[in-house]
Amino acid sequence: MTADVRAAMLETLIEPLAAVGRAPADVPDDLDLLAEGVIDSFGLLELISSLEARYATVLDFSELPPGELTVVGPLTRHLAAQIEG
Amino acid sequence: MGEVSRVAILAGRGPTAYAGVLGTLMAGAAYVPLNTAYPADRNRVIVERSGAAAVIADGEGLAQLPAILSDTVPDTLVVADDPVDPPVAIDARHPVVGPQDGRAAFAPRTTVERDAPAYLMFTSGSTGVPKGVAVSHANVRALVSRLSARYRLTSADRLSQMFDLTFDLSVFDQFMTWEAGACLVCPSRADLVNPAGFIREHELTVWFSVPSAAMFMRRLGGLAPGSFPSLRWSLFCGEPLPAELAEAWTAAAPGSTLENLYGPTEVTVACTVYRWRGEASRRQCIHGIVPIGEPFPGLDVMVADASLQEVATGDRGELMVSGDQVTLGYWNDPERTRAAFVIPPGRSARYYRTGDVVTRRTPDAPLCYVGRMDHQVKILGHRVELLEIEAALREATGRDSVAAVAWPRTESGAGGVVAFVSGGRVDAAGLRATLALRLPPYMVPRQIQELPELPLTANGKTDRRALESLLERAEPR
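Residue numbers (my numbering), protein chains in the order written: chain A, 1 to 85; chain B, 1001 to 1477.
A hint or two may mislead.
What the hints assert, rightly or not - Not the full set, but computed from the structure, chain B residues with beta-carbon under 7 Å of chain A: (1) Asn1194; (2) Gly1197; (3) Phe1216; (4) Leu1220; (5) Gly1221; (6) Leu1308; (7) Val1311.
To be verified - Listed next, the in silico SDA-like pairs over lysine to any residue satisfying Cα-Cα at most 25 Å (straight line): (8) B:Lys1461 <-> B:Glu1450; (9) B:Lys1378 <-> A:Ser50; (10) B:Lys1378 <-> B:Arg1282; (11) B:Lys1378 <-> A:Tyr55; (12) B:Lys1461 <-> B:Arg1336; (13) B:Lys1378 <-> A:Ile48; (14) B:Lys1378 <-> A:Gly37; (15) B:Lys1461 <-> B:Leu1451; (16) B:Lys1378 <-> A:Glu46.
Claimed, not checked - Covered stretches of chain A, going by a simulated chain B footprint (3 or more residues, C-beta under 8 Å): (17) 2-12; (18) 77-85.
Rather than coming from a laboratory, the hints here were simulated on the basis of the structure.
Glycine included, each C-beta is placed from N, C-alpha and C at the ideal position.
Required output: the full structure, derived from the provided sequences and hints.
Right, here's the structure in full:
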C-alpha cells in the first residue's frame, strides 16, 4: 500500500516536481516537498484532496508531527496507514 | 541623486523589508511593495507604473532584479541589504549601493504631507494590468488611531505577520505593532504549513489572517479546543468568514475575542467590524457567513442601488464607504478613480464604491456581505479579477474564446482558478507556464480545459455558472 500511495502522490506532483528539475523516479524518501519548493501550503491541501478523492476516505493529520508533514517518506507512510486504517 | 518620491521594496517579511518601509516613509516617499514570488514581468509592470526611482532589496530580491530592471525601466537606484563588495551594478542605468550609501540618498524629513501617498498597493486589474491604489499618510494614521483605541495593544503583545507586503492586510500587522511597541513575529516557510504550531511556539497574543488560513489549520487537525491559550485577539479579514469556522476557532482560542473585519484596499485595510458572540451571532449570519458588522466610528457607509440612492432598510445594495480612510484613488488613473470614488446625489462626501453587495443594517441586524457585483473573486483571500486572467489567456493563446472561473469553491471563496479555452487543442502545461511568467502564482489556472465552445448566457456573455456546473459534475463523489 505504501508504494501505491507514494506513486499516486508523486503522480499528482509531476508538474511541480518537473518545475524543480525532478521526476517521480528520482525522489528520495527524505525529500522535503516544502523546502524544495515543490508545494506550498495550498499545494499540500490540493495533494490531500486528490488522495482523499482517489481513495474515497477522509485523512487525519493530527497525529503526524508537523516537521514530517511535507517529507515524502513519513508523509507517505502516514497516508498509507490512514488509508489502510 | 535627486528627490525620490516612490521606493519599491523587493524583500521577504523581515528586517530589510520593514527597515525599507520605515526608511521610505521617513524620507517622505511612498513605498511600493513587490513580491519575490511574483513573475519578473509583474514586478516590472509595478515598478514602471509606480515610477519608483529606487528599489530596496534583500538577497533573494537582489538576485531577481536583473530580470526585472530591464532596458525599459528608467534609471533606478538599487539599495541592497548585503551587496557584494564592491557592489556590482545591474547595468549602467541601475547602480547598486549598500545600506550606508542608501541612507545618504534618503535623508529623513521632519515633516511629511498628510495627503502624500504612504504606499501604492497594486491589485489585480480587470483590464489586464494591475492597478495601484494610492494610500496616504493620513489614511494610515486614521486606521491605526481607530484600531489602537479598539484593541489597546501594548509592548507585551506578539502579533502574527501572515501576509507578504503586497497584501494590504500586512499594513495592519506592521503599523499596529510599531504603534504599540509590540513584537511582530514573521513565520518561516515551514511555519506556513504549521501555523497552529507557530502560534503556540511564539505565544502569539494577536492573530490576524484570512479565514482560509484558519480553514487550512482546521483541515490539518490544528483547531482542537484549547489549542491557543496565549491569544487575546483573533481577527479575520479579507474574505467571508464561515460561522462554523468562527465557532471552531473560538473553542481553540477560548481566551480571545474574535472579530470579523471587512474592507477593500481603497478604504485602507478595513472599515467595518463585527464581534462574534456565539449563538446570538449565529442567528445574524446569512448563508452561514459571519456579518461584517458596523462601520468604524467616524466612517460612514451607505447601501446604494444603481442610481446611488440608499436602498430601504434591510434591502440589498452596493456598499459605499466615506471618511478619512477613503484613499487617494488609483495611481495615474483619473478615469478609473472618477468611476469608483464618487459623490452620490444629495450628499457632499466622497464615497468609495466597493462593488460588494451587502444588506443594509436594521436596528437588529448588522451589515452582511452577500456577494459581488462583478467578476472579482477571492482566491485564498487574494483579490483577483477574473477578467485579468482572461486577458492573459487571450494574449497567450491568440484566441478570443477563453474563460476563467474561481474553483474549487471553499466556504469563504475559492482555492484556485480553472480556465477554459475553445477553438482546438491547447498545450495546457505550456500555457500554464506562459501564464506563470505574467501572473502571481495564485492567479495561474491550476487546470486548463478545452471545450468545443464556451456556454453563453441569453445576452451573449460567457456563462460562468454553466462552467461551474461542468466542474461540479466532474468532481468525484
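Verification of the hints:
no., hint, in the structure
1, Asn1194, "holds (4 Å)"
2, Gly1197, "holds (5 Å)"
3, Phe1216, "holds (6 Å)"
4, Leu1220, "holds (5 Å)"
5, Gly1221, "holds (3 Å)"
6, Leu1308, "violated (38 Å)"
7, Val1311, "violated (37 Å)"
8, B:Lys1461 <-> B:Glu1450, "holds (18 Å)"
9, B:Lys1378 <-> A:Ser50, "holds (22 Å)"
10, B:Lys1378 <-> B:Arg1282, "holds (23 Å)"
11, B:Lys1378 <-> A:Tyr55, "violated (30 Å)"
12, B:Lys1461 <-> B:Arg1336, "holds (23 Å)"
13, B:Lys1378 <-> A:Ile48, "holds (22 Å)"
14, B:Lys1378 <-> A:Gly37, "holds (24 Å)"
15, B:Lys1461 <-> B:Leu1451, "holds (16 Å)"
16, B:Lys1378 <-> A:Glu46, "holds (17 Å)"
17, 2-12, "violated (count 0)"
18, 77-85, "violated (count 0)"
Consistency with the previously given hints fails for numbers 6, 7, 11, 17 and 18, ordered from lowest to highest.
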